[in-house]
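If you want the building blocks of each chain, they are given just below.
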Amino acid sequence: MPTKPLANGLRRIGAGTIRAVSRMGFAARFFVAVLYHSPAALRRIPLTLREVYFAGVLSLVVIIVSGVFVGMVLGLQGYDTLNLYGAGDSLGLFVGLSLVRELGPVVAGLLFASRAGSAITAEIGLMKTTEQLSAMEMMAVDPLARIVAPRFWGGVISMPLLAALFSVMGVFGAYVVGVRLIGVDSGTFWGNMQAGIEFRPDVTNSIIKSVVFGVAVSLIAVFEGYDAKPTAEGVSAATTRTVVEGSLAILALDFILTVFMFRGVGDV
Amino acid sequence: MTNAIELDDVSFGYDRRRPVLKGITMSIPRGQVVAIMGGSGCGKTTILRLIGGQLRQQHGQVKVDGASVRDLGREELYALRRRIGMLFQFGALFTDMTVFENIAFPMREHTDLSDALIRDLVLMKLHAVGLRGAAQLKPSELSGGMARRVALARAVALDPMLVLYDEPFAGLDPISLGVVGQLIRRLNDALGITSVIVTHDVYESLKIVDYLYFVSEGRIIAQGTPDEVRNSADPFVRQFVDGEADGPVPFHYPARSYAEELAAGAN
Ligand SMILES: Nc1ncnc2c1ncn2[C@@H]1O[C@H](COP(=O)(O)OP(=O)(O)OP(=O)(O)O)[C@@H](O)[C@H]1O
Ligand SMILES: [Mg+2]
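Chains A and B supply the protein sequences, listed in that same order. Just so we're aligned, residue 1 is where the first sequence starts under this note's numbering, counting upward by one. Just so we're aligned, residue 1 is where the second sequence starts under this note's numbering, counting upward by one.
Among the hints, a few may not be true.
Claimed, not checked - Pairs of lysine-lysine, DSSO-like flavour, derived with a Cα cap of 30 Å: (1) Lys138/B x Lys229/A; (2) Lys22/B x Lys63/B; (3) Lys207/B x Lys63/B; (4) Lys229/A x Lys22/B.
Unchecked claim - Partial pick of chain B residues on the chain A-facing surface, computed with a CB cut under 8 Å: (5) Gly52; (6) Gln54; (7) Tyr78; (8) Arg81; (9) Arg82; (10) Met86; (11) Phe88; (12) Phe90; (13) Ala92; (14) Phe94; (15) Pro106; (16) Glu109; (17) His110.
These are calculated hints, taken from the structure and not from any lab test. Note that the Cβ used here is the ideal one computed from N, Cα and C, for glycine as well.
The following block holds chain B by itself, in its conformation from the complex (with noise of 0.2 Å):
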């Protein structure tokens, strides 16, 4: 059976000169969940929108459910999204909906499902996320953490086969937190389908994943399963489960030495 994805020396910049992604390799087999993390800016979102269809690689092979994504026609592409549910880093929610309309507008666009019948899906997939009672509130009356919940709820509205989750652990207090975290792990495996996390969270992701790549500078650096990782000596992969800024993982965005910019503005 061939992998969910599969990444064969993928790279990608957005512009010529500054390379994003340089040679990325990986295969997500199915109904796994799977982390990749990495420091921001390392190009995470972006190996995502590669996996959706969103960017085309310059170089390297990507392939979803055995079909290479750069060389699908508009049609097709469109008919593997529709089995894909993607959280956007930043919610991306229709502002102009309610909640309950921002889940139901999957099921309206794609199915013919009465009314009656998609209202009780909505309350499920809201009660799901803990917020059934938000269902008439407008996006911009949820704080960060609700609408990152809604945007999960609306996701996963058409039971996809492939969940892509960026963020989905950003700005929720610890309770959310872990009951997001189990959410997407029961959703993993009581719907059968293929998760891909990109997270920051290496705590909560250990809990609930069955392997992590980590990515820096645009190159897989490491990969493991849980236990793998917890146990690892790798300094790469130690300073991200500790937390250190120092360390084989640089934490500021490539530019001139600090010493070479300040006596430049001296000038």
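For reference, chain A alone in the conformation it holds in the complex (with noise of 0.2 Å):
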């Protein structure tokens, strides 16, 4: 009697490592079908601006006061910690290095997960729901083409610049709160920050970053929408496992990068 709990327990184990996988290499093949729809798709230029403007301009709001408060945060705890040691003038720096290489990408990302990534999977799961994918087969238009390759590039490409935009916003906050409520000096604070942030690697490795989490959380979005159950709580399930996939990707990725990106720049 007792070895049944564990069979079936085991069972359970393997049927869910299985579906995984699977789901998984369904997910890579998906992969491949949008990049080959790709060039069609990105020749009707309009199909993709709109869709950056869903995922991009819709997303201005909430990364700017994002990127603004956590500007302010950070010159709020930057200064009490580096004035600590009497080096409250490197707050230029220490601001602008955090929002460059970490956390413009990764917050940008997190905020475009849950905003505009879960649009998408929202938006793709209903249309599947209601038909409208069908409806599009039927009439000979493939949907990879005309509805999911869009909304990939659009997200990919709104991605990097809400992330510049968020640590650009970040940095504009930490100046308010160092040099015009706390005091540090205007010159020392921009002229720290550019002596220290260098254009490559930082800015570019910044770059790369928020590209690699475009493209993460992009495909999560269009392969969850695509890939829901047709029903209300398939597309709800779908959203929700967009948002939580999306954000531990970023966080995982962001690990990865960092540790090929900045090994031996310990010393900036």
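Dock the two chains into a complex; use the hints.
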């Protein structure tokens, strides 16, 4: 008798593993299919521009507001800690590096996953549920080319722009707190930042990170929508998965990328 | 000349355990309006999906315009679909586009027509279903019956050679119902297309079709011209035509006996 729960447990783990692996295989094939259909989709620029608007422009408010607040907090906390060691003047450098190297791409990515990623998943999932994708197929129009690829590229294009904007707004927030309120010298604030942040590797790596996050989140978002069970619960579960998987993917990728990018640069 | 559609001993199930279609054979000649009738859940929509190549039968052959649909490659299938119009059971209008854009969609995707010409064509199609005034509305602003008429206009947007109508009459008031019925017949005859109508509405379809198939439990149980159907003594056909719940066609989805199920709940 006692072997039965054990066997059942093992069986469940096995089934779960098989399901997860086959889903990943499906996702990989899906990615290839999206890339295959991309040239045709990208040739019709208005389709992708429209998605840049939905994924990017409509995320502006949340990105700007969060960027300013994160920057202000960084300014406060950073100055507080740096000042302990008499390094309050390095605030500009500290804030700039934190934002460009990590917080810009990562926080913007997390916001992007929950604001734009979930919207993409919900939209595609609902189109599937209401047979709009089927109808398109019956009209000899491939939904991968007409619906999925433009949304994917809209996300990929928007994400680095949003991350850059987030960093800029963060620096502005830190400037307001550090220079305007606390009274760090304005010249020192900007001078330190300028001297300490290199275009290569800091800014280029930041761009690479945000592009990678953009690809990951956009792919997860379109895949979950396309793969959603065509019911109300199915779409809501898919939307949740996009946010969870998208956020986890960003954090894991960020660690991996950071390891490779900033090895040996710790002495800046 | 080959028939527009040929189904030969077609069997299909969404999963292995429960077959939905069990050996369907039908042939639909060019230029005709043919109705497929049957109770809810008997597999009518499934037949249309097999014809359109969205599902693949496990057994038998589905031929459209002489070509076996299951064996077509992607390009060939898409080429075939360009000549097929389909009205989906629930409309399936694109919710992010206006009514006008919905109907213009297949034209924009598949033709190089100028905007001015597309505009004229779309308005013509909308006029035919009586909704020219609704061109700028979004699908969410339409009633169920209006949405169905828009979907119908979209299905014939490219003047296809074959149109598959899934429940074109559902949710229509008696006036639109008659108009839509006549419209299907007129489109069919004027453009020389072939039409397949899936419907529950015996009364309306008897007025416009050339031939009817009755499907029950995955099999074709009766067929004939409208006159044959009206005069048929077949109990299946009589049950449909007279609309009785009791008869050879089961009203209930297969289940344990009701008494058994109630008794099981009591334990
Ligand atoms: N996607 C699916 N997965 C599994 N089973 C399905 C699926 N779609 C339909 N079925 C089953 O197949 C059978 C036939 O469905 P179908 O949609 O063809 O019926 P129908 O004749 O069009 O019914 P209605 O008149 O109510 O639209 C039903 O019993 C249904 O339970
Ligand atoms: Mg149906």
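These are the hints, each one checked on the structure:
A hinted pair counts as satisfied when its Cα atoms are at most 30 Å apart, and lysine 138/B with lysine 229/A qualifies at roughly 26 Å. Only pairs whose Cα atoms come within 30 Å are accepted, and lysine 22/B paired with lysine 63/B is accepted, the gap being roughly 17 Å. Using a Cα cut-off of 30 Å, the hinted pair lysine 207/B and lysine 63/B holds, with the two alpha carbons roughly 28 Å apart. A distance of roughly 27 Å separates the Cα atoms of lysine 229/A and lysine 22/B; the hinted pair therefore holds under the 30 Å criterion.
Of the supplied interface hints, the one on glycine 52/B holds, with its beta-carbon coming within about 5 Å of a beta-carbon of chain A, less than 8 Å. The beta carbon of glutamine 54/B comes within 6 Å of a beta carbon in chain A, closer than 8 Å, and the hint placing it at the interface holds. Because the beta carbon of tyrosine 78/B sits about 4 Å from the nearest beta carbon in chain A, less than 8 Å, this interface hint is met. Using the Cβ-Cβ criterion of 8 Å, the hint placing arginine 81/B at the interface with chain A is satisfied: the shortest such distance is roughly 4 Å.
Contact between arginine 82/B and chain A, as hinted, is supported at the beta carbon level, the nearest pair being about 4 Å apart and thus within 8 Å. Hint status for methionine 86/B: holds, given a least beta-carbon distance of 5 Å to chain A, under 8 Å. The beta carbon of phenylalanine 88/B is positioned within 8 Å of a beta carbon in chain A (closest approach about 5 Å), and the interface hint is therefore held. The criterion of a C-beta within 8 Å of any C-beta in chain A is met by phenylalanine 90/B, whose closest approach is roughly 6 Å, and the hint holds.
A distance limit of 8 Å between C-beta atoms decides the matter here; for alanine 92/B the minimum to chain A is near 4 Å, and the interface restraint holds. Hint status for phenylalanine 94/B: holds, given a least beta-carbon distance of 6 Å to chain A, under 8 Å. Satisfaction of the interface hint for proline 106/B is found here, the shortest Cβ-Cβ separation to chain A being roughly 5 Å, below the 8 Å cut-off. For glutamate 109/B, the shortest C-beta to C-beta distance to chain A is roughly 5 Å, which falls under 8 Å, so the interface hint holds.
A least Cβ separation of about 7 Å between histidine 110/B and chain A falls short of the 8 Å threshold, and the interface hint therefore holds.
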